[in-house]
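> Could you use the hints to bring the two separately framed chains together as a complex?
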Amino acid sequence: MKIVLNDAPYEFAGETLKDLLTQLDKSEQGIAIAINQQVVPKSLWRSTELNELSQVFIFESIAGG
Amino acid sequence: MSSLFIAGHEFHSRLFTGTGKYASADAMMASLAASGSELVTLSLRRMDLKNQTDNILLPLQQHGMKLLPNTSGARTAKEAVFAAELAREALETSWVKLEIHPDPRYLMPDGMETLLAAEELIKKGFVVMPYVHADPVLCKRLEEVGCQCVMPLGSPIGSNMGLASRPFLEIIIEQSTVPVIIDAGIGAPSDAALAMEIGADAVLVNTAMAVAKQPAQMGKAFRLAVEAGRMAYESGLGERRVQAQATSPLTDFLGALS
Numbered sequence: 512m513k514i515v516l517n518d519a520p521y522e523f524a525g526e527t528l529k530d531l532l533t534q535l536d537k538s539e540q541g542i543a544i545a546i547n548q549q550v551v552p553k554s555l556w557r558s559t560e561l562n563e564l565s566q567v568f569i570f571e572s573i574a575g576g
Numbered sequence: 004m005s006s007l008f009i010a011g012h013e014f015h016s017r018l019f020t021g022t023g024k025y026a027s028a029d030a031m032m033a034s035l036a037a038s039g040s041e042l043v044t045l046s047l048r049r050m051d052l053k054n055q056t057d058n059i060l061l062p063l064q065q066h067g068m069k070l071l072p073n074t075s076g077a078r079t080a081k082e083a084v085f086a087a088e089l090a091r092e093a094l095e096t097s098w099v100k101l102e103i104h105p106d107p108r109y110l111m112p113d114g115m116e117t118l119l120a121a122e123e124l125i126k127k128g129f130v131v132m133p134y135v136h137a138d139p140v141l142c143k144r145l146e147e148v149g150c151q152c153v154m155p156l157g158s159p160i161g162s163n164m165g166l167a168s169r170p171f172l173e174i175i176i177e178q179s180t181v182p183v184i185i186d187a188g189i190g191a192p193s194d195a196a197l198a199m200e201i202g203a204d205a206v207l208v209n210t211a212m213a214v215a216k217q218p219a220q221m222g223k224a225f226r227l228a229v230e231a232g233r234m235a236y237e238s239g240l241g242e243r244r245v246q247a248q249a250t251s252p253l254t255d256f257l258g259a260l261s
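Protein sequence lines correspond, in order, to chains A and B. To get the working numbering, take the position in the first sequence, counting from 1, and add 511. To get the working numbering, take the position in the second sequence, counting from 1, and add 3.
Bear in mind the hints are in silico, worked out from the structure with no lab data behind them.
A partial selection of chain A residues facing chain B, derived with a Cβ cut-off under 8 angstroms:
(1) N517
(2) L535
(3) Q540
(4) G541
(5) A543
(6) V550
(7) P552
(8) K553
(9) F568
(10) E571
(11) A574
(12) G575
(13) G576
Even for Gly, the Cβ is constructed at its ideal location relative to N, Cα and C.
Chain B with its partners taken away, still in its complex shape (with noise of 0.2 angstroms):
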């Protein structure tokens, strides 16, 4: 199996993970070890003065995971460029997961303010990895201004529906030249495989493992469905046909006994 490349650095690992959500901070580790996973994204807030914060960065740093800080919580480009320059401070890290999402609700992207956010924060020197709808043209323009891969959704985030957004992830795939990850809504490791097998360079994991009953044997499925699908995608898959085509020789040796 190839290794990707995002910005010269070299993953092993095509699984990206979230750290949100899991029940504690053994159980995240236990989980993101399982997974092989090399990159964890993390969050940023105003700090909680009066309660000590559960230290997880020195496990992940432990660990040798790299860290990709998100602006989750930004609404605007202004806000995400602010995040990522915190962020940047707080986890000495340059690399950055543009997140903007003005709607709660839905936690949709905003595609217009993450352009405007992404060609700002590449000109201030981060490596973009922005997180979007599973739209080619804006995938397209993100490109374009330099972002160092592009993260569709497959469905809404934490909905475990999957790849919903099939059809055009397959646009973005076949028309990308930087890496294509896709993120949100994987829900169970055939989702994963799946994108891997349509070329996709990688998935980024979280709800569906965090919330398991048992994430580390989860981190583990979710391992083996990329390398399965990624195997099968560097392999070549057979396409698909409406009729049969026969694996066996069809002879006609039944035929002599009529």
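For reference, chain A alone in the conformation it holds in the complex (with noise of 0.2 angstroms):
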């Protein structure tokens, strides 16, 4: 299915949060998602499913001040 992640369309074979994650191969340290400009616990990503309407943004914590 064609979801919308980080503002570009995405190619997404899984169907929940998790799944996401695992076919970006990203960590799940330092991370944070937000779908429809809602945050998304880690506690539900494992429970959370997309769907093609999903606006994913997903957030890393990079060096700052």
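Quick look at the structure:
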């Protein structure tokens, strides 16, 4: 299915947010996810299913002052 | 030297540090370790999906640093609240350095948006550390809505201009019942020492340490300066006077020669 990930179309093969991270090969450390401008707590990543309307933003922590 | 408490958390070091602008993660860790800092700031950004980002989180956590995410990039209260909520999830901390600057050229903090965001974040259970102008009225308002400290600027971010706002910082320090952390513009250890001597509870330093030719040595220089300044403040500095005051007794034995 096609989702929108960080403002770009993205072909997603799984079902949940957890699957998305697996597909992206990204660690869960230091990241946060929002769907349609709502922050999704880490405890819900496994059970949160994505659909074609999902606008997903993934954020990561980086160096800063 | 006394400890600093913010929201019940004890800090032995009064030097808070940023993690930006270092040439490498190794240089950053060497500098931070030498500085003795126990609180470091981090930012959030949209994940780079194509490249793997340097993992600086792990070494910071292994070193036992307390992490302070900032809301850098937020231009409004709404964006800052969203950034703080993301940061709470990403770094598993309810502490946040609230910074809102709508103008990328001077990076001046927006006091009105900051106050609005602070109120909302405090209701949501955050420990809010607001980065603001050296504005005594605003700092008092932030304290009244429940901020656990205030972080007025010494001069513009990254400018190395030191405590250009000193007269206002002194008013803030005199009035505040929450810790005052001087952030931004501290370009040299002497600036940090001066900040501590005038009674700041802590300073936050980033650029001056990160861009030094020897970041580790500069980290140590800032540690020593902050400790010296704080010790001097706690010891009690003498008053400035216009006229000389003799340190030796003024005897008149020379008069006997004439």
